[in-house]
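Chemist: Kindly generate the complete structure, drawing on both the sequences and the hints.
Residue numbers (numbering that gives the first Met the number 0), protein chains in the order written: chain A, 0 to 289; chain B, 0 to 591.
Read the hints as simulated data drawn from the structure, not as lab findings.
In this text, a Cβ means the ideal position worked out from N, Cα and C, and glycines have one as well.
Take these hints with a grain of salt, some might be off.
[Said to hold, decoys possible] In silico contact screen, one side only, chain A against chain B (beta carbon under 10 Å); selected entries:
1. 85
2. 95
3. 109
4. 276
[Claimed, not checked] Have a look at the derived ranges for each label pair, beta carbon to beta carbon:
5. B:410 / A:153: 51 to 59 Å
6. A:56 / B:112: 49 to 57 Å
7. A:120 / B:156: 29 to 37 Å
Each chain, written out:
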Amino acid sequence: MATFATLVVLGLLWGGVYLLMAEGLNLIYGVMKVVNLAHGDFIVLGGLLALTLFGRYGLSPVVAFPLAAALLFVIGAAVQGGVLERIPLAKPEGELRTLLATFGLSYVVANTSFLIWGSQFQSIPFLQSAFAVGPIAVPQGLLACSLLAAALAVAVHAWLRHTAVGRAVRATAQSALGAAACGLNVRRLRIVTFALGAAMAGGAGALVIALVPFQTSSGGDLTVQAFTLIALGGLGSYLGAWLAAELLGITEVMAQYYLGSDAAAAVIYLVFIAVLVFRPQGLLGRTMRI
Amino acid sequence: MSAARAARPRFLSDRAQFALQAALLGVLAASGLLIAGQGNGYAAQLVFNVALSVLLATGWNVIGGMTGYVSFGQVSFFGLGAYAAAIGVLHLALPWPIAALLATAAATSLAVPLGLIMLRLNGIFFALGMFGLARILQIAANGLNITGGPMGTTVPAAEGPALPAAVTVVIAAAAAGVVAALMRTRLGLRLMAIRDDPVAAEAAGVNVWLAKVAAFCIGAGFAAIGGALYVWNIGYLDPSSAFAGTIELQTVLMVLAGGIGTVWGPVGGGILMSLLGTVLWARFPMEQQIVLGALTMLIAVALPGGLMSLLPRRGWMARPPIWGPPREASEGALPLAVRVAVADTPGPVLVCRNLGKRFGGVAAVDGVDLEVAPGEVLAVIGPNGAGKSTLFNLLSGFAVPSTGEVEFAGCKIANIRPYVLARRGVARTFQTSRLFPTLSVWENVLLAAISRHRRKAHAVAAATELLERMGLREDWARLPQGLPPGRRRLLEIARALALEPSVLLLDEAMAGMTGPEIAQVHQVLRAAAARGCAIVAIEHVLPAIAPLAARVQVLDFGRTIAEGAPAEVLHDPTVIAAYLGTDMAGTEFAHA
Numbered sequence: 000m001a002t003f004a005t006l007v008v009l010g011l012l013w014g015g016v017y018l019l020m021a022e023g024l025n026l027i028y029g030v031m032k033v034v035n036l037a038h039g040d041f042i043v044l045g046g047l048l049a050l051t052l053f054g055r056y057g058l059s060p061v062v063a064f065p066l067a068a069a070l071l072f073v074i075g076a077a078v079q080g081g082v083l084e085r086i087p088l089a090k091p092e093g094e095l096r097t098l099l100a101t102f103g104l105s106y107v108v109a110n111t112s113f114l115i116w117g118s119q120f121q122s123i124p125f126l127q128s129a130f131a132v133g134p135i136a137v138p139q140g141l142l143a144c145s146l147l148a149a150a151l152a153v154a155v156h157a158w159l160r161h162t163a164v165g166r167a168v169r170a171t172a173q174s175a176l177g178a179a180a181c182g183l184n185v186r187r188l189r190i191v192t193f194a195l196g197a198a199m200a201g202g203a204g205a206l207v208i209a210l211v212p213f214q215t216s217s218g219g220d221l222t223v224q225a226f227t228l229i230a231l232g233g234l235g236s237y238l239g240a241w242l243a244a245e246l247l248g249i250t251e252v253m254a255q256y257y258l259g260s261d262a263a264a265a266v267i268y269l270v271f272i273a274v275l276v277f278r279p280q281g282l283l284g285r286t287m288r289i
Numbered sequence: 000m001s002a003a004r005a006a007r008p009r010f011l012s013d014r015a016q017f018a019l020q021a022a023l024l025g026v027l028a029a030s031g032l033l034i035a036g037q038g039n040g041y042a043a044q045l046v047f048n049v050a051l052s053v054l055l056a057t058g059w060n061v062i063g064g065m066t067g068y069v070s071f072g073q074v075s076f077f078g079l080g081a082y083a084a085a086i087g088v089l090h091l092a093l094p095w096p097i098a099a100l101l102a103t104a105a106a107t108s109l110a111v112p113l114g115l116i117m118l119r120l121n122g123i124f125f126a127l128g129m130f131g132l133a134r135i136l137q138i139a140a141n142g143l144n145i146t147g148g149p150m151g152t153t154v155p156a157a158e159g160p161a162l163p164a165a166v167t168v169v170i171a172a173a174a175a176g177v178v179a180a181l182m183r184t185r186l187g188l189r190l191m192a193i194r195d196d197p198v199a200a201e202a203a204g205v206n207v208w209l210a211k212v213a214a215f216c217i218g219a220g221f222a223a224i225g226g227a228l229y230v231w232n233i234g235y236l237d238p239s240s241a242f243a244g245t246i247e248l249q250t251v252l253m254v255l256a257g258g259i260g261t262v263w264g265p266v267g268g269g270i271l272m273s274l275l276g277t278v279l280w281a282r283f284p285m286e287q288q289i290v291l292g293a294l295t296m297l298i299a300v301a302l303p304g305g306l307m308s309l310l311p312r313r314g315w316m317a318r319p320p321i322w323g324p325p326r327e328a329s330e331g332a333l334p335l336a337v338r339v340a341v342a343d344t345p346g347p348v349l350v351c352r353n354l355g356k357r358f359g360g361v362a363a364v365d366g367v368d369l370e371v372a373p374g375e376v377l378a379v380i381g382p383n384g385a386g387k388s389t390l391f392n393l394l395s396g397f398a399v400p401s402t403g404e405v406e407f408a409g410c411k412i413a414n415i416r417p418y419v420l421a422r423r424g425v426a427r428t429f430q431t432s433r434l435f436p437t438l439s440v441w442e443n444v445l446l447a448a449i450s451r452h453r454r455k456a457h458a459v460a461a462a463t464e465l466l467e468r469m470g471l472r473e474d475w476a477r478l479p480q481g482l483p484p485g486r487r488r489l490l491e492i493a494r495a496l497a498l499e500p501s502v503l504l505l506d507e508a509m510a511g512m513t514g515p516e517i518a519q520v521h522q523v524l525r526a527a528a529a530r531g532c533a534i535v536a537i538e539h540v541l542p543a544i545a546p547l548a549a550r551v552q553v554l555d556f557g558r559t560i561a562e563g564a565p566a567e568v569l570h571d572p573t574v575i576a577a578y579l580g581t582d583m584a585g586t587e588f589a590h591a
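Modeler: Given below as structure tokens:
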């Protein structure tokens, strides 16, 4: 029973981490209705940047992590402004072309990272100890990441709800044409959104690399994991994504424990395909979009 | 018209075009065979790589390009083919040719259930779902002990690359030939229509489901042969190379660079990009994937149609029009055909009782009764939001009613798929016209005609006849966007009539037409009605349909508010109130 309780708690905490890794993708999808296939590679890049800043230059994690996120913000802005803005989304093949472009981007990012950091698994040793709550051992790093993830989720939500730019982003999400007709600079909003999504990926990577080691080729798996989560949550939905994250977290931890890591890796894809086939509108359907 | 005739460009006949393309393919294959037979191992290996690339790109293009289901996991079938062949050789002691054939057959049959699941998905969902499938298979292969698990296994290989290169060249050329031929068949036409607009394809009588699964299996088969040939040549197999993302990236890039959805795109792109990949691999092995990824981005942004889009649309390397051009019109045009068996049934051919459809709290259609007899023209009018288009979706099987039922020719249509209904004789048009943008005017009509006629000659004659009647024959080779809006509407009506319907549902079909065009439609509709076709026409305003309609049914807020002859309905105070509001109900309503 204690084992089971531990697994549930771990699963819930991991859910927070998964949420963090998926939020940037969710934001970008919500606003632009495109999926950034390089999202997982952005997460890995953020993690490896944090690793270098922390390990090589000795920066404190409090500085290194936000700095990694900021670097990803710049990269994201450059990608959207320099490349993806050139594809007109209004045309029917716009979605497909964006998909293919980000497919290419994922290889560029992953292999550039490979040139810089090599192919071995890397991790930041940070907050490695655990503390006990009754019979349950809670790893400190996981708890910190999970709490930070929740804080970031709330912050982004508040930003979308209560700031002028956030409202403009939501308006663009609901109707780009309407937003443009109201005098909003839709192009700039899309660039900000994509950059923010990339920054969230980078921040997530910086936190997660303290929990699980990364390899430069982990990006594809992370993209699918993040996409599974937002698809399960109902694309673009915040509450749904959080629910889905907790569910996936528990599923993953249970599968790891009872079936082993190979099977756990397959479970995420099976969940993914099952979700797409049986519940394509997500857990909560069309409610609670941004 | 004579000016248009004079300005019409000269085309090669489709046979000549086909022959030229076959000759080019032959020359390419022959040069591949010559180089492979030189005895130079390096050159033969290069030929093998190029031919394998062309084969994989051609297979990907069948489902990703022709059908529009872009996949990021087509490598699944490459891996399945490779593993099945290796197991056949290692554990069943089969000779290579038989192992390869069996592996291809196994992977292709496995594509049927996989296709049934995966093709429920669309767009990004399908693309990523396939990516997930490749990862699941790779994980499964890791656990397969008889092939060495994650470490892989050696497999008895061919002696030197010359023979595999030659065989692969022949198979790749055959694959390209099969696709070129496929594009001139019913299935090819249907696949391209599905890519353009699956809903309109269904309305034109296409079994969208079946066609997609067929394309998926063909694509899978090509990839599986490729996998078997790969193992035969290299003599080694492990999960990460059999299901490698690199193969997927290169395949997508080759098709994209050459021209997605064309016959020659994957061939040209396959040759160019595999050579480029080889050069890059030799000089910059570490940077190869960065360059290929950047190239994919560049092409997606700057040249989405690939190299083929730089060639003229009607050049000799382009796709020849399917079964075209239409023959010169026969003297004494044939009367429009209607299914006599249905037209002869006494009583109404289409009946609906208490039909209702709710969307959440809104009743779009609320207890509508409607019936129409063979040869009758019924106009359904009503203000915006009256529920007219929803009613049509219910009548044509595109939506399932919340209450009530629809009967066509005495049978309930509940649970009948729209394409079956279209084939049985319920044809429709759409409020915003849904023509197939990449199919020519001719092919737009032919697509519906092949749903009706089993024999090619009959379908061609029927489609020709309809183009002639609609005054569209001169425009047969143009794309729908090239037509003015009114003529696009004519084309959509022609497509619906090509099903030779016993019930024709027209959804504001005459909106945006000029006077002469409306007169032309009236003439055609009269002819169809005279042959026993029942016509239900939705119009926002009445004059477009009044001269034909014996009866008018007026809808508002999902209910029938008036019914009768056009003249009386127009003076009905309820109708006037519905259009103009209650304040105006006293005034004459002559302009409707």
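Chemist: Among the hints numbered above, which are violated by the structure, and what are their numbers in rising order?
Modeler: none
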